[in-house]
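J.: Each chain, letter by letter, is given below.
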Amino acid sequence: MEKDVHLIEIVDVGKDYTSGGTTVSAVKEMNFYIDDGEFVSIMGQSGAGKSTLLAILGGLNHPTRGKVLVDTLDLYSLSSEQRADFRSEYIGFIFQSFQLVPYLTVKENVKLPMAITGIKTSKQEKAADSVLERVGLADKAGRLPDQISGGEQERVAIARAIVNEPPILLADEPTGNLDTDTAGQVVSLLEELNKDGQTIIMVTHNPELCQHTSRTIQVQDGICLVN
Amino acid sequence: MVYDLEKYRDKREKVLGVRKRGVSFGTLAAVVSGIILLGLSSFVIPKSLAYFSTRNLDDAIFKLQEVEEWPHSLIIELKMITGVKNAVTDSNNTRLVVTFDRTETKVNSITSLFNDQGLKTIMLNRVNHNQRKETMKEEAEFEAL
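Keeping their order, the protein sequence lines are chains X and V.
For the first sequence, the positions run 1 to 227 when the numbering used here is used.
For the second sequence, the positions run 1 to 145 when the numbering used here is used.
Excised from the complex, chain V in its bound form (with noise of 0.2 angstroms):
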């Protein structure tokens, strides 16, 4: 007697798992996850990779005694200096935040440059840059109630 291989051939391919029947709990497990870790992850990964850019970051805020305008051709000099990564004055135009990273240059390194242009300035403070973005980011919350 001859034996018919195709006869049972969708029941066989069903018992191999040749052939799917519906999506499988596993499968279905690795989706919800997946969407889960990827929902996840889009709020993560962009802060975790602006925290480890950011985290060697220090804000110095300085103020001039004499001169009322901080000079734009300063500006330009003092984001040439290694390690500054920004320059930038208030609305007011009286005080300069300097943001630089403290393990390429010191805050040495920019009140020479001011001392070399015989400008008379005092530093207000020193901060670190994310912690600074933070507490502005709440006043301005604070000024919008």
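This is chain X alone, in the form it adopts within the complex (with noise of 0.2 angstroms):
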């Protein structure tokens, strides 16, 4: 019988950390998939491991123990060369702190990953354009991040992290700096992407906001409690 195949697929993935001689397991073992498409949310206290194991799932940090595979890719197995050219490829990051360059502009921001992979300036420019417009924000291109709202800066941060159109988003406490109201138009943009078919995991230790996705994870102390 064959195998079924996911875009994502978490195989007995541990992650320990060893600190004068003591060895914490941040991640214990956790076994789960993502198909194509899907918004999860990782849900879990502060301490419980969606950090690390977000950063497992983008290729940033290497698991002590087990597999991650995406799209049949064996991650952990690829040189850095090819796990730099998978993130490049496969993955959008958004981060709580948004981590936008201050003394380029908001357009500047969204064309840097582009820059990165060598398109053609002409085309850079086109999908900035078009996706800065997807996340309503044409009118401030030309703006520099502390010109503009906290939310304005989170909706840049979603622009970059899509201009390439990678496959998989991947979005570490998107909300965790904005107010009620404002976290509420990001993740309405979130599932507008998702709509679209854009494969989002998302961590998070708001339930509220996993109300909005099909799907939770729930981590606690390095496993997952609920999928």
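Check before you lean on any hint, since a few could be wrong.
Said to hold, decoys possible - If we take Cβ atoms under 8 angstroms as the criterion, some of the chain V residues that face chain X in the derived model are:
{"no.": "1", "residue": "Tyr3"}
{"no.": "2", "residue": "Leu5"}
{"no.": "3", "residue": "Tyr8"}
{"no.": "4", "residue": "Lys11"}
{"no.": "5", "residue": "Arg12"}
{"no.": "6", "residue": "Lys14"}
{"no.": "7", "residue": "Val15"}
{"no.": "8", "residue": "Leu16"}
{"no.": "9", "residue": "Gly17"}
If you're looking for bench data, these hints aren't it; they were derived computationally from the structure.
The C-beta atom is built at its ideal place from N, Cα and C for all residues, glycine as well.
Both chains come to you apart, so use the hints to assemble them.
T.: Rendered as structure tokens:
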């Protein structure tokens, strides 16, 4: 019988940290899969291992054991160069603290991932205009990050994350720094992207946000409780 | 839900390096290095080959003491001696330069042929073949000035 294939498969993944002779398991053992087009939230308290799991999914943190398969690619058997290519081709990151470059305009921030992957300038302009239109910031393309609100900065971060059309969007507490209304707008934007087929994995400790997602993976003390 | 493996094939191939994106730095560096090496070797290899093929050659320069011209038959006979690579007279036909491999023959073998034919000769000089060629080249350049 043919094995089921999923966009993301986490197989017996664990991550230990050793410090001063003491080993701590941030992720003990996790097994789950995520299909293409899903909007999945990973929920848990601080220190539950959510962000470690997200970093492992994004090819940023080598697990101590287990396998991470993305589009059949065994992520941690790839070379570091291949894994860097994987991140630029497959993953869009959205951070809680936005991580925008303060001296670049909104549009230049959005164009940054395309410049790194060597996309032609004319194509960069077109794609940046298109995503800024999509996140409702076309009129603020020329502003610097500190000249726009926190919610708008988060939308710029989302635009930057999707501009290379990655199959997977990883969001680490995307509304953590926003007020309730602005957080709602950002989640609505993520829902819209998901309706258009974007796979989104969102780490949060806010149960209200999980209501907007199609599935919740509950993480506690480094293990999946509910999937 | 059935996963469509074709959907992200392009991305997968890029990651695995199946699909190349332009010329990598490594390839470019290899091509440039190759061109430089090829250019250098086109100078160095022929010179090295020439050096190794002529490093054992000496030139012995003879002058006749009594007769005025070197007999043509002598030059043919000289060339038949094992180790003698060449024998040429100068433009006035007064001096004879014999190029020979010192590992294969000695000057005595040449002079004994002159004695057999009753020719009284004097050896003016014996120098390394390459050294003499260099000297002649420098003289020619000097005269051209």
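J.: For each hint, tell me whether it holds in the structure or not.
T.: Tested hints:
Taking 8 angstroms as the C-beta contact cut-off toward chain X, the hint placing Tyr3 (chain V) at the interface holds, the least distance being around 4 angstroms. Taken as an interface hint, Leu5 (chain V) checks out: its beta carbon lies about 7 angstroms from the nearest beta carbon of chain X, inside 8 angstroms. Hint status for Tyr8 (chain V): holds, given a least beta-carbon distance of 5 angstroms to chain X, under 8 angstroms. Interface hint status for Lys11 (chain V): upheld, as the beta-carbon distance to the closest one in chain X is roughly 4 angstroms, under 8 angstroms.
With a least beta-carbon distance of about 6 angstroms to chain X, the hint placing Arg12 (chain V) at the interface is held under the 8 angstroms criterion. With a least beta-carbon distance of about 6 angstroms to chain X, the hint placing Lys14 (chain V) at the interface is held under the 8 angstroms criterion. Restraint check, Val15 (chain V) versus chain X: the minimum CB separation of about 5 angstroms is within 8 angstroms; hint holds. The closest approach between the C-beta of Leu16 (chain V) and any C-beta of chain X is roughly 7 angstroms, which is under the 8 angstroms cut-off, so the hint is satisfied.
The restraint placing Gly17 (chain V) at the interface with chain X holds, with a minimum CB-CB distance near 7 angstroms, inside the 8 angstroms limit.
Hint check: no violations occur; every hint is consistent with the structure.
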